[in-house]
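Residues per chain, in single letters:
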Amino acid sequence: MVPVTFFLALAAILFCIGLYGVLTRRHLVIVLVCIELMLNSVNINLVAFSAIGPFANITGQVFTLFVITVAAAEAAVGLAILIALYRNRNSIDVIKHDLLRW
Amino acid sequence: MIQNAWLIPVFPLIAFLILLFFGRFLKEKASYVGIAALALSFIVSVLVLFERIGGETYKFVIEWITFGESAITMGYEVTALNAMMLIVVTLVSLVVHIFSREYMHDDNRIHVFYSYLGLFSFSMLGLVLAPNVLQLFIFWELVGLCSFLLVGFWYFKPEAAAAAKKAFLTTRIGDVGLLLGLVILFNQTGSFDYGVIYAAVENGLINDTLITATALLIFLGAVGKSAQFPLHVWLPDAMEGPTPVSALIHAATMVAAGVYLVGVMYPLFLASSTAMTVVAYTGAITAFFAATMALVMTDIKRVLAYSTISQLGFMILALGTAGYVAGLFHLMTHAFFKALLFLGAGSVIFAVHHRQDIRDMGGLWSKMKITSVTFLIGALAIAGVFPLAGFWSKEEILASALLNGDGFLFAIALITAFMTAFYMFRLFFKTFTGEYRGGDHDDPHADDPQVDAYGAADVAEADNPRDDSMDKEAHVPPAEDHDHHHSPEENSGFMTLPLIVLASLAVVAGLVNLPFMGHPLEGFLTEGLNLGAQPHGALWLAILSLVVAGSGIALAWAMYYKGAIAEDFFAKKAPGVHNLLLNKYYLDEIYTAVFVRPTVAIGRFFWEMDKSIVDGIVNLIGRSTSSTGRSFGRRHNGQLQTYGLVSILGGIVVIALAFVLRGYFG
Amino acid sequence: MMGNLLTWLVFVPLIGAALILTIPRENVNVIRSLAAIVSGSALVLSLIIWGGFDRGVSGMQFETVAPWFDIGFLQINYEIGIDGLSMPLLVLTTIVTTLSIFASFSIVKRVKEFYVWTLVLLTGMLGVFVALDMFLFFLFFELTLIPMFFLIGIWGGKMREYASFKFLIYTGLGSAIMFITFIAMFVKGAEAMNFQETSFSMIRLAEIYANPANPEVLTGALKGGLFLALFVAFAIKLPVFPFHTWLPNAHVEAPTAASMILAGVLLKMGGYGLIRVGFGVLPDQAARFATLIAILGVINIIYGALLALVQTDLKSLVAYSSISHMGIVLLGVASFTTAGMQGAIFQLVSHGFISALLFFMVGAIYERTKTRTISELGGLSKSVPILAGFMLAAAMASVGLPGLSGFVSELLAFIGIFGASADLIPAAYTIGVIGAIGIILTAAYLLWAMQRTTFGPMKEKYVGLPDARPMEYVPMVGLLVLSIAIGVYPHLLSDVINTTVIDIVSKIGG
Amino acid sequence: MTGQMIFFIIFALIAITGAVLIIALKRISHRVVSMAFSFMAVAGLYFLLGAEFIGIIQIMVYVGAITILFVFGMMMTDHRNISFGPDPRKWQQALSFVGVATLLGLMLYGISTLDMHESTQPFVGSVEAIGLELYGHYFIAFLGSAFLLTSALIGAIVIARKEAD
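Sequence lines, in order, name chains A, B, C and D.
The first sequence: position 24 = 24 (full-length UniProt numbering), numbered continuously.
The second sequence: position 583 = 583 (full-length UniProt numbering), numbered continuously.
The third sequence: position 201 = 201 (full-length UniProt numbering), numbered continuously.
The fourth sequence: position 98 = 98 (full-length UniProt numbering), numbered continuously.
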């Protein structure tokens, strides 16, 4: 049996890769993709705990479902914003969009 | 009548209040209010004097302020000394009131003038009646205020305004010394009353360093008020005020207050020999010093001003050399003949349309008979010629200077007596004899150093462009209407009557303390005070003083009447000295350079320092907080990813901290 | 009604302010008269209390103690009362505020708010002088800051924002320090009674600090620190040398009425606080720092006078003269003699009247000539004789001419400083002499200013100036008559103050 | 090395390389495809853990819908330009790598020191159990997510549509 810690480690790795992607990539789509990746790593944790965690029960998986719905909604809205941004600023470089400041 | 001696100062106070509120309506008749008030005071003070001679004294005191257990009281007291002073002050003030009715006749602020005169008489009489040193100090300052107001009466003249401020400030320096003296005295003796202080001094309650200190501090007050050597600079400038003011304040009463103060606090001075020598020497130096300057003055009022300073120096010298009665006797006689001289000068100035330079006068003997005769009597009196008052009092002072043992003081006194005779008669001959030199209108001596002090600003000058328009109606009518008969002639009764009264007094006053009548004044003044034997001069001293006075008059006669010696004989011989005297030993310039300019400089330095450093720090704190805030603000560059990074780093720090604290790494 | 007369006095202005709020802003005259009536009634109330004040008793009178609120062991009650020290200051406040309301009838901008703020300020000031509970004292102390901030900020001169902010932050800092010290005192007080009894009341704390249950809690260093912090807090308010820079800005920019109140009353709260809390609760520390206070007092006198000498703006000259006069308060207080203490309280009251009058005169002249720079003014006694006359009288009072109240306080302060015991202030004589030099400087700068403004030839541009209006006579005559009354017969004031002064000074065996 | 372990390692490797490629590759389209592979691997893991339903959902939603969504997003914007030029924020890359690395290190250390007692036998969640739980205990959450989805839908349309003018 694969011990839970392996899954947790994998999830951590994926999460950090996603985080690095969000912080550094300049292409907005990639940033959104990396966010999805981070959410995914959370799901791995949830499912891992629900399946082979210390108090294994179904709630982990139910939560994964919720996370997925949120992720989907977030992706949709993210892309909509991306498109609107592109149309107004005709650029999807993260650095260009710095209007929200003091 | 002695109980209601308090009426004496109250009459002029009522006059002051009436004129203050209703002066505008009275206008011309304001003088009657003033004269009436002073007449009443004079009558009451004469009655009080008679009762006082009968030996009665009266003291009435009420509680003024209490702090802790001790209390300060106020009230009034009649003693021998102030009974005499009451007569002198009320008489001279009455005479001046009458004189100035004519002199200030055309000034539309005459009611204000009389209200100030009333306030002055009130505060001077209050000073004299004060039962304790504090009340004396209170009225002392009020007198200073009145002199400030009266000297600055023609306030639209910048010189008058500056002179008024200078007078108040210089006397203020003396007053602060006096205040310190009496505060220390209060702390030592627990009260301000004369009796308590005399008792404390007698039975040595105060250690003698303190006695000398308080004596000198109190003497500093006298120096300030009686214009003695270091603080005398204000009196000549105070001549900017109207002449009746100079006669009343700067000749007879106020300046005598300093001598009165030393007289009143005499036991304190007697107790410390150093104080006595300081007093004596200050008096001598001032007398000599002022007399030298009087020799060269060309403005009639300034000559008299310096002569006042010199005579006051004589009085202080007398008091310094244990001649208590001599000093006070001279104070009384001097009050009369100096007031006479000033009023005489006033009537001369009024006659020659307000020009004060004696080189423009001359030959007035024939034109102004009464003024000339009375002026001559005054001059003889001050010079110390035989029958007149000046002879008796000055001889007493010379005696006290001689008996004091210090030859130098006696010598100085003699030389000053000679100089007094000389400059008085120089003035007399220049003004009254020879031909009238005041014919032409433009002022020939505009460039003369003293003239700029007053000449240029002399308001009455027809061709004076500067503030001609505003002051026309304010001060004195333009000289035009005097033009048709521009040669001066005798003034009306209001002016000459006072002159006659004072002249007769100058003659009679000496008899009060006749040696061969057993010195009645001395008996009157010293009873009840153990001041030791009063010095009396031998016959040869009387003759010596007569000779000195005579030679002074003769020299003046030779130079200015006969012309045997050229007028500027001395000026040519010693131009340097002449120039030095002319510029009043450059004292004003020295004082400004030594005191005024550095204080202002220090003030400016502190002001800059205050603005830049103290305020700077405050503003710095303000600015630095706002600038750090602004610099943090600039970090927000809108880059989302930078924010993300910063929050992650923060997160890491927190997690690491949690690990460490929870001992994970255990 | 008789019972809590003081509470009525303190809160009548607040009620007045509320009333004014109801009046629409257009009918300005109704607002003005209502404001005058309200502050007039406060004045009448204070005079009733002055009449009812029992001169003999040394403790607190007209006391009211009511529990206000308590959190846990923190028991704060609404404790007010007056004694010889606060009685004259109370009357001074009502008089100066009423007269300043009369003086502010010439204000046309946002009149309604002006009077609301003035009345709130009046409540704050009255509260400070009556509060005996430290928390309440702090609350009223802060209450006075905000209205004055707005008064200067809205109706002020050109640099009013800078001046009002500087005033707010500077004095706000002072009151913050004060608050922290109060809390420290409260906690240490509770600790000293090992927590059986906790109290914010000044009187109770004074007793606790006098004889604490376990004395080792109240170490000398602690009490010294507390006193110094208090001294700094009140030194900012009573401007003492290093902390004085807010005063000239605040004064120059404040409108006439506000600067009358600021100089007349607000500075006195510093002095009052120092005596009430500093000397009341920690008398032994006050004695310990007496020399320091005396020296600071003298520095204040000389520094204020020297700076006033070189001012070009008449109003900042008067502001610096206030600093110089407050130095005399410090001198009197530090001497710890009955004369000195009474001199200090006299100076608080007399300076209140005189500086209010001076500021009113400067304001009146500014209204007419539109300039305050001394060099531009001149010959005023020709163009506006009555105003110039009152100005001269005010200057004379400020110089300390006998017959006016300034002299009495200076005399008492000097008697005090010279009478100070040698061990308390070793260099009392030298300090006294230097202080006396201050008097000469005061005469110098005031007379020099008077010479340049009122005397001298009349300037053409000031020919047709309107002289004093009837409404302006009220503050002028009122303040001058009061100053003369105290100057001529100070017994009026001294018998009220005397018992309290003896009580304060006896604390250290004065 | 049980079969499960082998599959686990395979799927893990695919997932990690897919994730790394998302960041490393240049062309956008390649990156989106590598995303899809990575999500496929994750789905595989779910199956490994016995959560088939979740696995299927994962495939449908992530690999299917969201990838297509991103392809559209990519198409709409200028996918042709390869790079944006030099990154003006010089410290950003390095600092964030260091930050993320330490975060990873901390997490892994935390995980490694975790002493979770092994559950005896693995729990196999059936779809029926999920359904009961979903409509029973978490019914409100379910409705919440429904609202969430509809609002996201409407929001996306409103934001993305061309302005009327």
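It should be emphasised that the hints constitute simulated quantities derived from the structure, not laboratory data.
Values in this document were obtained by computation on a predicted structure and should not be read as measured data.
Keep in mind that the hints are not guaranteed to be accurate.
Derived Cβ-Cβ restraints for the label pairs, each shown as a range [what the hints assert, rightly or not]:
(1) F21(B) / W50(C): 26 to 36 Å
(2) W50(C) / V594(B): 44 to 54 Å
(3) Q93(D) / R630(B): 22 to 32 Å
(4) T5(A) / A658(B): 18 to 28 Å
(5) F25(B) / V474(C): 39 to 49 Å
(6) F55(A) / Q93(D): 15 to 25 Å
(7) V488(C) / E435(B): 29 to 39 Å
(8) T312(C) / G195(B): 49 to 59 Å
(9) N29(C) / F21(B): 29 to 39 Å
(10) W6(B) / V474(C): 28 to 38 Å
(11) F21(B) / Y489(C): 33 to 43 Å
(12) A39(B) / V488(C): 23 to 33 Å
(13) K162(D) / D98(A): 20 to 30 Å
(14) T5(A) / Q93(D): 29 to 39 Å
Don't be surprised by glycine CBs; every beta carbon is placed ideally from N, CA and C.
Hint by hint, where does the structure go against what was stated? Just the numbers, ascending. As far as the earlier hints go, 5, 6, 7, 11 are violated by this structure, in ascending order.
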